[in-house]
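We have chain A; now place chain B onto it with these hints.
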Amino acid sequence: MTTILDPTAERSIAARPRLARPESLDGLKVGLLDIAKSKGDIFLDRLEQRLSERGLEVIRYAKPTNTRPAPTPLYQQIADEVDVVIEALSD
Amino acid sequence: MTQLPDTGWVAVVKRDCPTCELTESVLATLAQATSLTVYTQDDPTFPESVPHDYDGSLDVSHGLKIEVVPTLLRRENGQEVARTYGWDKAEWQKLTGLATLGADLPDLRPGCGAKNIEPGVIEDLLVRHGETGLQARKVEIGSGEDEIEAMFDRGWSDGLPVVPPTEARVLRMLSGTARDPQEVIGKVPSDLADCTVEKVAINAVMAGCKPEYLPVVLAAVEAVLEEPFAMHGVLATTMYVSPVVVVNGPIRRHIGMNMKGNALGQGFRANNTIGRALQLVIRNVGGGRPQEVDRATLGNPGKLSYCIAEDEEGSCWESLATERGVPEGKSAVTVFAGYGLQGIVDQKSRTPESLAQSFAESLKALQHTKLYPGADAIVVVCPEHERTFREAGWSKAKLYEELHARTQRLADEIRPGTGGIAEGTTAFADGTMAKKFRDGGIMIVRAGGGAGMFSGIIGGWSASGEKGSSPVTREIRL
Chain A
1 MTTILDPTAE
11 RSIAARPRLA
21 RPESLDGLKV
31 GLLDIAKSKG
41 DIFLDRLEQR
51 LSERGLEVIR
61 YAKPTNTRPA
71 PTPLYQQIAD
81 EVDVVIEALS
91 D
Chain B
1001 MTQLPDTGWV
1011 AVVKRDCPTC
1021 ELTESVLATL
1031 AQATSLTVYT
1041 QDDPTFPESV
1051 PHDYDGSLDV
1061 SHGLKIEVVP
1071 TLLRRENGQE
1081 VARTYGWDKA
1091 EWQKLTGLAT
1101 LGADLPDLRP
1111 GCGAKNIEPG
1121 VIEDLLVRHG
1131 ETGLQARKVE
1141 IGSGEDEIEA
1151 MFDRGWSDGL
1161 PVVPPTEARV
1171 LRMLSGTARD
1181 PQEVIGKVPS
1191 DLADCTVEKV
1201 AINAVMAGCK
1211 PEYLPVVLAA
1221 VEAVLEEPFA
1231 MHGVLATTMY
1241 VSPVVVVNGP
1251 IRRHIGMNMK
1261 GNALGQGFRA
1271 NNTIGRALQL
1281 VIRNVGGGRP
1291 QEVDRATLGN
1301 PGKLSYCIAE
1311 DEEGSCWESL
1321 ATERGVPEGK
1331 SAVTVFAGYG
1341 LQGIVDQKSR
1351 TPESLAQSFA
1361 ESLKALQHTK
1371 LYPGADAIVV
1381 VCPEHERTFR
1391 EAGWSKAKLY
1401 EELHARTQRL
1411 ADEIRPGTGG
1421 IAEGTTAFAD
1431 GTMAKKFRDG
1441 GIMIVRAGGG
1451 AGMFSGIIGG
1461 WSASGEKGSS
1471 PVTREIRL
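Line by line, the protein sequences give chains A and B.
Per the working numbering, residue 1 is the first one in the first sequence, and the count goes up by one each step.
Per the working numbering, residue 1001 is the first one in the second sequence, and the count goes up by one each step.
Pulled out of the complex, with its shape left as it was, chain A reads as follows (with noise of 0.2 angstroms):
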């Protein structure tokens, strides 16, 4: 644990915010990411279903293995094509 000290106006808090969420998904681009566990797709499948049905453009993506984390070149893809990222966990 180290100690630093604030070198700013103190004006924020400490701690990090996360980024807000989008109020809603109108206009947005929705990357829908598969972490390749068993039978992630089938429920992406169907959330591109249903978000396509609300007008939504929807770009699918796959880690190529659950057990690292996305390779560089496919996080900065997806930071770059989409607005909003939807994971599926399954299992």
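Honestly, I wouldn't trust all of these hints.
[Stated by the list, open to error] Facing chain A, from chain B, some residues (calculated, C-beta under 7 angstroms):
# : residue
1 : Lys1138
2 : Val1139
3 : Ile1141
4 : Glu1147
5 : Thr1166
6 : Val1170
7 : Asp1191
8 : Asn1203
[What the hints assert, rightly or not] Covered stretches of chain B, going by a simulated chain A footprint (3 or more residues, C-beta under 8 angstroms):
#  : stretch
9  : 1150 to 1156
10 : 1280 to 1290
Just so you know, these hints were derived from the structure itself, not from any lab.
Even glycine gets a Cβ: it sits at the ideal position worked out from N, Cα and C.
Chain B only, in chain A's frame:
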């Protein structure tokens, strides 16, 4: 560890001290005669012949405020009533009442510096005992976190890694000034938050400054906060500028600033970190960040750090600080809202008139050849160019006069539309000579390597002078 006795004698020693070694026999005698608790600072086996405790953490020494070893002190009922340090036979005999104590030893031997106040050690002790006096909020970085990454994540970085400002580092930084860490220097735009000496020190640590640079950083922060500099406007502008710091006076040599080869470039810690510290204060204390309040279209690379030192020695001209009223022998900073570097290449001129004309032609192009008045400018004159003026006997005043005159253009030529260019100036009547610079709008600084006939222009802000930013000079307080 033996507790400090409420009543009794206490001695603090270290092996790495000839006087402490000398007094070992005296301590042995004292231990036989009365209640004596001995604390050793550096070696648990010393002194061999006297029962002792090892104060390896130096917490006891710190609590007793030991400065010299050996120290002998007397406590009664929980209070210290007497103390002596070093070996002074008469004093030790008098204090202890043992008239023959150390009779065979020399009369006097000075003590050594105590380990608990050594640089590097004292800061850690103050931190551990919560006695730093520092007021800034503490931020804990988890043991699994990378400190450098954590600071990037918090938005405290200017894009390059910053040094984690631990309490010990900030304490060491504050040793570079005699000023009270809680002294409020001013309010930094755009958040207009109070900035203390301590907050500057924290950002100076992050920038990589040494403690001896802190007075220069403080002077630069104070200077940009002076009203004529218009820091808020300089920050917010869509134009290129940000504070450029010019350092004059003896402090340049004392802290190892570079004013010779690569004077405006990288590779010299003082130059690069002082400029950086100022920018970090603006970002972190003032809240000024690109694409937020800072609306610069392009900005310029100097927004990372832009701090130069004038090469005063061997110049035929008075320094910029002297010109601006700082007494000789004093150190000062001048801050200027500026950007980039426009080169002036002239390898053929051998007369001052020709060289001044070269300077003027380049200056006319500042911002735009047809924008009159343009902005303020610093002309950085390299030694080989200054030589030309020196050999001709041109004073600084003479060069200023020539540059102001030679940069004028006929108003008719610079109207919007002339030369097929829509941009232009309507501020001057046809048939009159338009001035490129306001009075005092050019500042000359001599710097650079000994070889190369390459001077340069640091351009200013269109809003120069009363309508915007004026340069500010401030003496450096240690």
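Let me make sure I understand: some of the numbered hints might not hold for this structure. Which ones are they, in numerical order? Result: no hint breaks.
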